[in-house]
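K.L.:
Spelled out, the chains give:
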Amino acid sequence: MDSLLIFFKRVHILLVFIALECISLVFVIRGDVRKDAVFTTSANYLTGKIYDMTWRYIGYFYLREENAALLEQLAERRGQNKSSYVSDTAQFHNFVDTTAKKLKYRYITAAIVKNSVARQNNFLTLDAGREKGVKQDMGVISPAGVVGIVVAVSDNFSLAISVLNKKIGFSAKLKGSNFYGSILWTGADYKTALLTEIPNYVELKEGDTVVTSGYSAVFPEGIPVATIKTFEKNSEDNFYTINVELLNDLKCVSNVFIIENLMQDEQKELESLESKFLQ
Amino acid sequence: MDIRAYSRIFLSYLFLVLIQVMVFNNINIGTLGITPLFYILFVLMMPFEVPIWLQLVLAFVLGWTVDVFCDTPGLHSAATVLMSYARIKVLDMIAPRDGYESGTHPYLMEMGFSWFLRYSIPLIFIHHTAYFMLDAFGFDNFFRTILKIIFTGFCTELFIIFSQYIAYRK
Numbered sequence: 001m002d003s004l005l006i007f008f009k010r011v012h013i014l015l016v017f018i019a020l021e022c023i024s025l026v027f028v029i030r031g032d033v034r035k036d037a038v039f040t041t042s043a044n045y046l047t048g049k050i051y052d053m054t055w056r057y058i059g060y061f062y063l064r065e066e067n068a069a070l071l072e073q074l075a076e077r078r079g080q081n082k083s084s085y086v087s088d089t090a091q092f093h094n095f096v097d098t099t100a101k102k103l104k105y106r107y108i109t110a111a112i113v114k115n116s117v118a119r120q121n122n123f124l125t126l127d128a129g130r131e132k133g134v135k136q137d138m139g140v141i142s143p144a145g146v147v148g149i150v151v152a153v154s155d156n157f158s159l160a161i162s163v164l165n166k167k168i169g170f171s172a173k174l175k176g177s178n179f180y181g182s183i184l185w186t187g188a189d190y191k192t193a194l195l196t197e198i199p200n201y202v203e204l205k206e207g208d209t210v211v212t213s214g215y216s217a218v219f220p221e222g223i224p225v226a227t228i229k230t231f232e233k234n235s236e237d238n239f240y241t242i243n244v245e246l247l248n249d250l251k252c253v254s255n256v257f258i259i260e261n262l263m264q265d266e267q268k269e270l271e272s273l274e275s276k277f278l279q
Numbered sequence: 280m281d282i283r284a285y286s287r288i289f290l291s292y293l294f295l296v297l298i299q300v301m302v303f304n305n306i307n308i309g310t311l312g313i314t315p316l317f318y319i320l321f322v323l324m325m326p327f328e329v330p331i332w333l334q335l336v337l338a339f340v341l342g343w344t345v346d347v348f349c350d351t352p353g354l355h356s357a358a359t360v361l362m363s364y365a366r367i368k369v370l371d372m373i374a375p376r377d378g379y380e381s382g383t384h385p386y387l388m389e390m391g392f393s394w395f396l397r398y399s400i401p402l403i404f405i406h407h408t409a410y411f412m413l414d415a416f417g418f419d420n421f422f423r424t425i426l427k428i429i430f431t432g433f434c435t436e437l438f439i440i441f442s443q444y445i446a447y448r449k
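Each protein sequence line maps, in turn, to chains A and B. Numbering-wise, our numbering puts 85 at position 85 of the first sequence, and it's gapless, one number per residue. Each position in the second sequence, counted from 1, maps to that position plus 279 in our numbering.
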């Protein structure tokens, strides 16, 4: 018994070290943020409040870029105003009747209170949560383009997985044509990403715009994502390797819209039947 | 070690976590996105008299707190605990001929500039290597990860040396 105690005394530091490393590594390996992870992430109350406080001051540094982006969007909206159109009697019957349409997307505004671009798997914290109607799987966009997808929600904050995350990709297509593929981030430069699965017979130009496809039930169709920087044909398969430049400068984006797709549940429910027909 | 020394450790813990998440996490230099990891000053400044198992536990608590703020479960804790463990060995290796006198601290002002460099550079390097390698979790972008370790380590070291002249005088 004594020798056991002496032995334990000699190795207790090593044991403590191994135990603590094991706890940490289990969390690292188990991966990032899960649904129930609100208490181990920055979307919880205390950390959220601290980030909120910081943001009140840091936010000022981004006002210039922010104003420019908002003005741009305002100008665009103004172009779509009723007052921007004159009635064209020859096509009068072609007016858009909004009462006959059904609302599909709603927008919630929020500010980013924590952001990172330095890691390989980046996340954002937003200052809108359950009380404002934010739910899991909602899309997050800024005036310039796609930002991320909400993965966890607390009462007043929500956590979104950033586009700059190696663990997600999302569906996107070439503007103008309907060829679609996935946008994936490689974990390197925060301004560039990959567009995959575009067949190599499609004609491409540098500077072409890539927009969301609307297939994933998260983002509406046609939200700008990136422009094509370089592309080359693969010799092995029949697809292009396309490097795209993200339109969003995720380092200085601060105000965002969270998109609620009112028909998301319906679409998901229907699509979940898919597996039934595969057997 | 009296209660005053421990409350000093606790205050420096609070201060370093807050300054890391409120100030340093907002720094993002260049396309590499360099963010100094200043909070590890806590491990470097840990008094010699604290029992070693407690040093490891405190390092873990610190790492975990930063993890919660950064949404990086386990990353900072793993790196910080490793660094705290390595500190024992590094301190042994660079010990003065007669060992450390009681009542001394691992401060630049007390131990001298060259001792402090031999003390802090390996430890910062160990911490940053563990952190960025675990973050990359593989060998994608390997060269980039190496660059990140070197440049971030350099930035962290600068701020840590700077802190010695401001806050850790004799």
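If you're looking for bench data, these hints aren't it; they were derived computationally from the structure. As the structure is a prediction and not an experimental result, all values here were calculated from the model. Heads up, a few of these hints could be off.
To be verified - Just some of the chain B residues that point at chain A, by a computed CB distance under 7 Å:
{"no.": "1", "residue": "Met301"}
{"no.": "2", "residue": "Phe303"}
{"no.": "3", "residue": "Phe339"}
Said to hold, decoys possible - Derived contacts from chain A toward chain B, CB cut-off under 7 Å, selection only:
{"no.": "4", "residue": "Ser24"}
{"no.": "5", "residue": "Thr47"}
{"no.": "6", "residue": "Val117"}
{"no.": "7", "residue": "Ala118"}
{"no.": "8", "residue": "Gln120"}
{"no.": "9", "residue": "Phe123"}
{"no.": "10", "residue": "Asp127"}
{"no.": "11", "residue": "Leu184"}
{"no.": "12", "residue": "Gly187"}
{"no.": "13", "residue": "Gly214"}
Glycine residues also receive a C-beta, built at the ideal position from the N, C-alpha and C atoms.
K.L.:
Does each hint fit the structure? Answer for all of them.
P.N.:
We went through each hint and held it up to the structure:
1. Met301: Holds. Min distance 4 Å.
2. Phe303: violated, 11 Å
3. Phe339: Holds - the Cβ of Phe339/B comes within 7 Å of chain A, reaching about 5 Å at its closest.
4. Ser24: holds, 4 Å
5. Thr47: Holds - the Cβ of Thr47/A comes within 7 Å of chain B, reaching about 5 Å at its closest.
6. Val117: holds, 5 Å
7. Ala118: holds, 3 Å
8. Gln120: Given a least distance of 6 Å, the restraint on Gln120/A holds.
9. Phe123: This hint holds: Phe123/A lies near chain B, its Cβ roughly 4 Å from the closest one there, short of 7 Å.
10. Asp127: Constraint on Asp127/A not satisfied, violated at 15 Å.
11. Leu184: Not OK, violated: Leu184/A not within 7 Å of chain B, min 12 Å.
12. Gly187: holds, 5 Å
13. Gly214: Not OK, violated: Gly214/A not within 7 Å of chain B, min 29 Å.
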